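We have chain A; now place chain B onto it with these hints.
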Amino acid sequence: METSAAARVQASPRETLDSVVIRFAGDSGDGMQLTGSQFTTATADAGNDLATFPDFPAEIRAPAGTTYGVSGYQIHFAAHNVQTPGDAPDVLVAMNPAALKVNSDALKPGGLLVVNTGAFTANNLKKAGYESNPLDGDSLDQFRVLAIDISKMTLAAVKEVGLGSKEANRCKNMWTLGLMYWLFGRERDQTVGWLKTKFAKSPKVAEANIAALNAGHIYGENAELPHGITSYQVPAADLTPGEYRNVNGNEATAWGLVAGARLAGLEMMYGSYPITPASNLLHHLSRLKHFGVTTFQAEDEIAAVGAAVGASFGGAIGVTGTSGPGVALKSETIGLAISTELPLVIVDVQRGGPSTGLPTKTEQSDLFQAVWGRNGDAPLVVLAAATPGDCFYMAIEAVRIAVKYMTPVILLTDGYVANSSEPWPLPDLDALTPFPVKHHEETEGFHPFLRDGNTLARVWAVPGTPGTEHRIGGLEKARDTGHISYDPHNHHLMTQIREQKILGIAKDLETAKVDQGDPEGDLLIVGWGSTYGSISQAVRALRESGHRVSHLHLRHIWPLPEGLGDILRSFNSVLVPELNNGQLVKLLRAEFLVDAESLTRVTGQPFRIGGLIDAVEERLRNGS
Amino acid sequence: MSPNPPKKEYTRKDFASDQEVRWCPGCGDYAILAAVQRTLPNLGSSPENTVFISGIGCSSRFPYYMNTYGFHTIHGRAPAIATGLKLANPELDVWVITGDGDGLSIGGNHLMHVLRRNVDLQIMLFNNQIYGLTKGQYSPTSQVGKVTPSSPLGSIDQPVVPTRFALGAGATFVSRAFDTSKRLPEALTAAREHDGASFIEILQNCPVFNDGVFEMITDRKTGPAHQLWLEHGEPMKFGADGEKGLRFNPESLSLETVTIGENGVTEDDIVVHDESNASLAWMLTDLPGVVALGVLYRNPGPVYNESATAQKEMAAERFGAPDLHALLRQGHTWTVS
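Listed in order, the protein sequences are those of chains A and B. Its first residue numbered 1, the first sequence is counted upward by one per residue in our numbering. Its first residue numbered 1, the second sequence is counted upward by one per residue in our numbering.
Source of the hints: derived by calculation from the structure; they are not laboratory data. This structure is a prediction, so every number in the text was calculated from the model and none was measured. Be careful, since some hints might not be right.
Unchecked claim - Derived, one-sided and incomplete: chain B residues facing chain A with beta-carbon distance under 10 Å:
hint	residue
1	F71
2	H72
3	P79
4	E91
5	T180
6	K221
7	Q227
8	V271
9	G331
Ideal Cβ placement from N, Cα and C applies to all residues, glycine included.
For reference, chain B alone in the conformation it holds in the complex:
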């Protein structure tokens, strides 16, 4: 099936399905849905060539609200199903929607492998640090001590850092944003433009079971002091007036938060972001007192589905047109007369 090129200018409405959205009032998923529906028309996407594939969980209801092709699959397996779809039709624009439980707990294995294979997909992981659909148990990203119905004395699990997991798996594109951010469309656009598996962690508020867990970062007042928006080739500064920044400490081999103008720190001390530097990206996954947002790492590599296509073409070239008659006669045959 060869997809049809977009014939018309699409708008946000063309990407919204007629289904009533059933997330809890105030859920961060609403903002993410709106951002996606707003962004897709600007990317040259068409509803018929776009597919959203999800697993199980609150976030995984997402495909029902998009007027594109969609597949609400089973818990944790969306990356595998998306891989098969992309192999069957590489022309499609395939997005995977997952959450911290779906992607990092039950589906951790598939997430790891889809990232290392570098299948050309956008993978949006909604991280709310809680299990919402099963009513509030701690998730693999919940902080130690989190009191939930299944951890009345506090969770004793060490949490996983999603962007660190992605880098460890060999992802070629790792980014982070949050649900209500005005810059979410920008993050989605960058992910879509990347050739290969693009991993986007989206910090998402669950107003029912984990309300305010990212408030320090997302709040209008406290946010600027805790958001570091990364720009390739630019010094990594943050704060209301850009007065803070990251300096490399050669003794501890880590990044530290400093204030420009204090203790002899100058603009020149601030590290310049390099998206292709994996060591730097690793340090940016978990910073003291600030959260790195935007593209942490971008370093294109061989794309799995393109390699698969190339091998099929190579086989066609080497072995010629398929001939089942000849195939069955490969090796030794004999005739009984």
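This is chain A alone, in the form it adopts within the complex:
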């Protein structure tokens, strides 16, 4: 099956592959994230479906050559639909011994290993913990090894540009990218243009990087590759027609918040304190001031959410973004927004916990914190985005619910969905339904806790409006005047009203439905958040093997959608895979009295599709 891309390379016909997983790994200073993202763009251009997963260390510049300084970027691309960055890589690019040490166990037997022998010095081998050079022994015999002194090749390629040796050496990632472009039949034009723009102020650096990129490509064209290694092609996937871009979850969340504020007709005030992996939300939004966005880098997490609450009191939509430790600090202020019934959006880009935990690794362990983690009976709305692109729509949903119901909404994403990217069919903005907010101006019979009989939302009267002057606060309010009340009966009633308001939102949501498979069967897998891709692919494979397995994915965590209990009870068993120690499973058991089982993984890494399939098959064999 020849394609035009393959036909351009005359030397040997390209081997056609259905899907490929490549992991680029090197020192954190080696530019692996840039290399990976460039390869991603070129792959999207080639028409493949894809998913990526950057995996970088917490240290900004870990000592060079160490295993804990290894930075990785995995891309899975295919001629068919792709929903995860893949389990084990087919191809590993190891720029130094530490990268090989950390990643060689993951590479599939028979996989292609590209190594930069120039970095395999005695010193680097020692830092990586190798007693002898693994390239010399037989430990790599199970792989197809392409060993090249990339450092030396790069220096030769950029020599004429006349850079210092340190700068010249930095171009080796582009040399490697050039080689990988050749191996997989990718075009270089986009990367050349990107380098010219990126290094517009240092044309020599741009020139050197382009020279390295071309040299790597030429090496592939001319070199006689070892036996068993050839060049490949992955035919274009059958994607839904339309305009696409690559998007990661943090970008999509930022754009969704902006879109949500515009659909509401409100200015947005985003208060935030930098925290991994949520800081990019602040970076993105701070560049969007012309969209009516004010960003406030606060002195701490508490001030960040406090400013957001203050802005909501003033009539804007207050938003704050953070990760788990930050949500803990914001809890009291979120309680204030619940008590004063002000709209507020809190984005929690989850990471490994508890405490500082694993800042750069993903986890779904803030579900309890989001749903229950406040003093008092303090209900709010919790949403979870399933994919990077879904973050856009869920951010809009968060703003919509917050302003319609005068409530805080927590949007859960995680480090994986925030940093991974996928080709995203661009949304039809005209198809989004506006939900314009009209602040309350009627003075007749006014008090701040007048409620809409349907939504139970209180009126939103804002400072600057004549005749609706009022005071609110965290003390309990009399339900019929809004004044402070210590009346026991009133507190009981207000607690119930706050709960009913939140639970009633379920009526405004789509009824629960199975995402894949039949509405009844042997096993229902219930997932939430970023595990969507892994579960979806696993269920597809299980169903192809004849298992009566279905997948239901929750995007509304609290309140839960209506009809969920009936679906849960329509299956012989229910399995809840989560990247935590079992949280949604407890919520479902408590709410529906179903014997849902838990499947947990707390390694800081997403589920492997194979792991999910094995776990389900084992359960089905045991007749669960």
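Okay, now just chain B, sitting in the frame of chain A:
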């Protein structure tokens, strides 16, 4: 929301809410409340454009008694909430009400940052040197040795000087007054007229847990000898007949209290107050035997919320009208047909 300009002449009553005031009888807060309600009509304020934001503590009940917009928030966080409000609507006249515990203990961090950012707010810190609402524990401004339920052998905490804290944080306006002073409205007016964060420490008597702690300063008889009311450009004199003053000691680099006519001290020896002099203001925060009142420091600088607005305008000018369609297409896109 664009605020409406005041349409009518307001009086003190227009600023008083219908809520029963529930401070202890004799609390200094009553006098402060009265002064604020009396002063606002003279400042051209209107109830709908005025907002009082407080934290937690006795002083923080203040907003409930004002017929303006008000937000009784959580402990120590009023400056952050006020900052967000001011960013959302810079046209509002926003006042922060806090105390020595709320502002300098649990909320010290926010107070520091709101002052250095110079957000356009009036920050009234009621300093009674005690925790009132939790029934009498020592506060960060209590004197060493203070015996309280949580310090039966006397507090061993070194106190913070609020005006010194404010100057250290980079405040552009630092003043001091006391609850029953006739000149409190004057201090409030000066704070309101300042563009930026205006810090006013108000010495306030707590008749239940710390009665008389400022008596030497506030008492009609002993007061004049202990109150130094500052006037920009005027020599810093005090005493019943203005017979005392402050002289600069170049050897100790400090201000000392002297009596004019004694030991060869003349009127010319008395230092003239300069509100824009930060070093002088620092020395005035804590004087021997006398308390400086009025404006210690006033030196306008860039105002945070104005800079934020300017950046939004700059962004609008540079990037043009917001276009979400174009935003989503920034960078690389491709079409699948």
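Here is how each hint holds up against the structure:
| no. | hint | in the structure |
| --- | --- | --- |
| 1 | F71 | 6 Å, holds |
| 2 | H72 | 3 Å, holds |
| 3 | P79 | 8 Å, holds |
| 4 | E91 | 7 Å, holds |
| 5 | T180 | 26 Å, violated |
| 6 | K221 | 39 Å, violated |
| 7 | Q227 | 34 Å, violated |
| 8 | V271 | 36 Å, violated |
| 9 | G331 | 7 Å, holds |
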